[in-house]
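Enquirer: Chains A and B, in that order, are what the protein sequence lines are.
The first sequence: position 254 = 254 (my numbering), numbered continuously.
The second sequence: position 247 = 247 (my numbering), numbered continuously.
Any given hint could be a false lead.
Repeated chains share a single entry, so a pair holds when one copy, or any two copies, can fit it.
[To be verified] In silico DSBU-like pairs for lysine-lysine, Cα to Cα no more than 30 Å straight-line:
id	residue 1	residue 2
1	192	275
2	166	86
3	79	21
4	188	286
5	142	162
6	188	297
7	86	205
8	162	199
9	192	21
10	188	21
11	24	162
12	116	79
13	305	275
14	3	199
15	116	305
Since the hints were made in silico from the structure, they are not lab data.
Protein chains: 2
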Amino acid sequence: MSKLLIVGTVAFDAIETPFGKTDKILGGAGTYIGLSASQFDIESAVVSAVGEDFPQEYLDLMSERNIDISGIEVVKGGKTFFWSGKYHNDLNSRDTLDTQLNVLADFQPVVPENFKSPDIVMLGNLHPLVQLSVLEQLERPKLVVLDTMNFWMDNTWEDLMKVISKVDALTINDEEARQLTGEYSLVKAARKIADMGPKYVVIKKGEHGALLFNNDRIFFAPALPLEEVFDPTGAGDTFAGGFTGYLAHTEDISFSNMKNAVIYGSNLASFCVEKFGTERMQTLTKEEVHQRLEDFKALTQFQIKLT
Amino acid sequence: MSKLLIVGTVAFDAIETPFGKTDKILGGAGTYIGLSASQFDIESAVVSAVGEDFPQEYLDLMSERNIDISGIEVVKGGKTFFWSGKYHNDLNSRDTLDTQLNVLADFQPVVPENFKSPDIVMLGNLHPLVQLSVLEQLERPKLVVLDTMNFWMDNTWEDLMKVISKVDALTINDEEARQLTGEYSLVKAARKIADMGPKYVVIKKGEHGALLFNNDRIFFAPALPLEEVFDPTGAGDTFAGGFTGYLAHTEDISFSNMKNAVIYGSNLASFCVEKFGTERMQTLTKEEVHQRLEDFKALTQFQIKLT
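Only chain A is shown next, with the shape it has when bound in the complex (with noise of 0.2 Å):
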């Protein structure tokens, strides 16, 4: 079975949307992370740390869906990384209200021994010197992807930079692969990040999608058209748990193979939306993701005759 290993924050968020508000919930990239890739049978861990605040149902939650959480330090005495947000009325922008590091202000990441050798590594948003001292621990995995936010590049440019050098893989929204590159057409902002390192880039589009760059090739997976999305919180962060997971479930790093990753990522991220937080994805069964690809082809394929 594959191992995939997990680094993000695991934090409380609280989220106010057009459709309601919540105090502090469970949250975090490398929580949205992890409960996407669990939907696979892969073995995964997550590395992190929380405060003594952080309550014991959240970790036992994890532990249920088999993630090996004995890689997420309890803090004594400190307290769990905490976002909050107000969305937009369009759900496209949001305002961060307050962010407060706690824990993960001087974290030093300790990678679990059985974990030191994964497949995958999923370099969930943090903070660039945490995801490079995981790197740091590890041999060589089969791949390395990395997530990271518009907070980094605004703070720690030249940290980025080096662990940018250092993935195969970059997964970044819109408006940050252009903040990232100066480039606003995608196909040349995905060329420069190449250049920077990673061989795949994934520009992920929100309700437009995502795109999948590898040297002249792109693959494009639509976001499924929703209703209403109630919640976009962690939207992309499981679109990477999907993306990294299905790649460690099917052991094919290959293009092709990452198409099919893509629309997983997008699949499970569609069901992420429907609700508060991480409510949906702790319900999610594997039958459910598995109608949902039907809609993603039925949505997608096409058998054209030409004229």
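With chain A fixed as given, assemble chain B onto it according to the hints.
Expert: Leaving out everything else, chain B in the frame of chain A:
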């Protein structure tokens, strides 16, 4: 051979994009639809009006592509419809600088005798009463497709509702679909539009592709990711010409063939935006279109393994 009747402006455009600026050049919905549909082995005719200032070479250009121009009235002493616009840096939005209806202000369309029983009708952008008048001159075609713009929603709402209630399909862009229905979700907007009459709804999202709706079925055609969009003018009309031209050519208006038709529309539109105005469409060959279809397949088709 199937007959496609096209209604729409034949006009002068003056366009400014970040890449340059044109004087008065050939433009208009009817022109773009006609040029696009001329890629197919069908009989087509354009119904419109121009002024005496309209160059004969523009009319010849259409005739040479086997477009019947006997329904384009040349109004003595009249001036041709003129539109000028300036695109913003992202090319996704534009300001209209000038609109002069001129001969189209009180245009009474006359459908040529040999096009009074067309197989398919494409009612491109024009006053809803002109679109209605054309329909009233026809034996019921197999398929009537309507395109419209925010201008007619703002100024001729009731007439627009009348023509919408009489057509089989509506092609409309995303912002206009939202304006027409008051729904932000395009899935909900499409359903509301279907309640107004059209069984088929195509929502054009520019660089983000196009969605085809029919009852609970949805199909998505991506836009081809391009390094540079040079001039988006006419892309939506070119899409409509490809959509209806393909349906006329294949003589098959089933939903599964409409999937192919939106792919063809998206394919042709991807050429249109490569140069200013109609320039690219004038030189486009069938071989180029067929080759780009392969790009669309590579971009969207996948063979998924279930997990």
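Enquirer: Each hint should be assessed against the structure and marked as holding or not.
Expert: Structure-based check of each hint:
| no. | hint | in the structure |
| --- | --- | --- |
| 1 | 192 x 275 | between (36 Å within a copy, 24 Å between copies) |
| 2 | 166 x 86 | neither (34 Å within a copy, 43 Å between copies) |
| 3 | 79 x 21 | within (22 Å within a copy, 58 Å between copies) |
| 4 | 188 x 286 | between (37 Å within a copy, 28 Å between copies) |
| 5 | 142 x 162 | within (19 Å within a copy, 61 Å between copies) |
| 6 | 188 x 297 | both (29 Å within a copy, 21 Å between copies) |
| 7 | 86 x 205 | both (19 Å within a copy, 26 Å between copies) |
| 8 | 162 x 199 | within (15 Å within a copy, 54 Å between copies) |
| 9 | 192 x 21 | between (39 Å within a copy, 29 Å between copies) |
| 10 | 188 x 21 | between (38 Å within a copy, 23 Å between copies) |
| 11 | 24 x 162 | neither (34 Å within a copy, 51 Å between copies) |
| 12 | 116 x 79 | within (28 Å within a copy, 76 Å between copies) |
| 13 | 305 x 275 | between (41 Å within a copy, 27 Å between copies) |
| 14 | 3 x 199 | within (22 Å within a copy, 49 Å between copies) |
| 15 | 116 x 305 | between (51 Å within a copy, 28 Å between copies) |
Hints 2 and 11, counting from the list given before, are not met by this structure.
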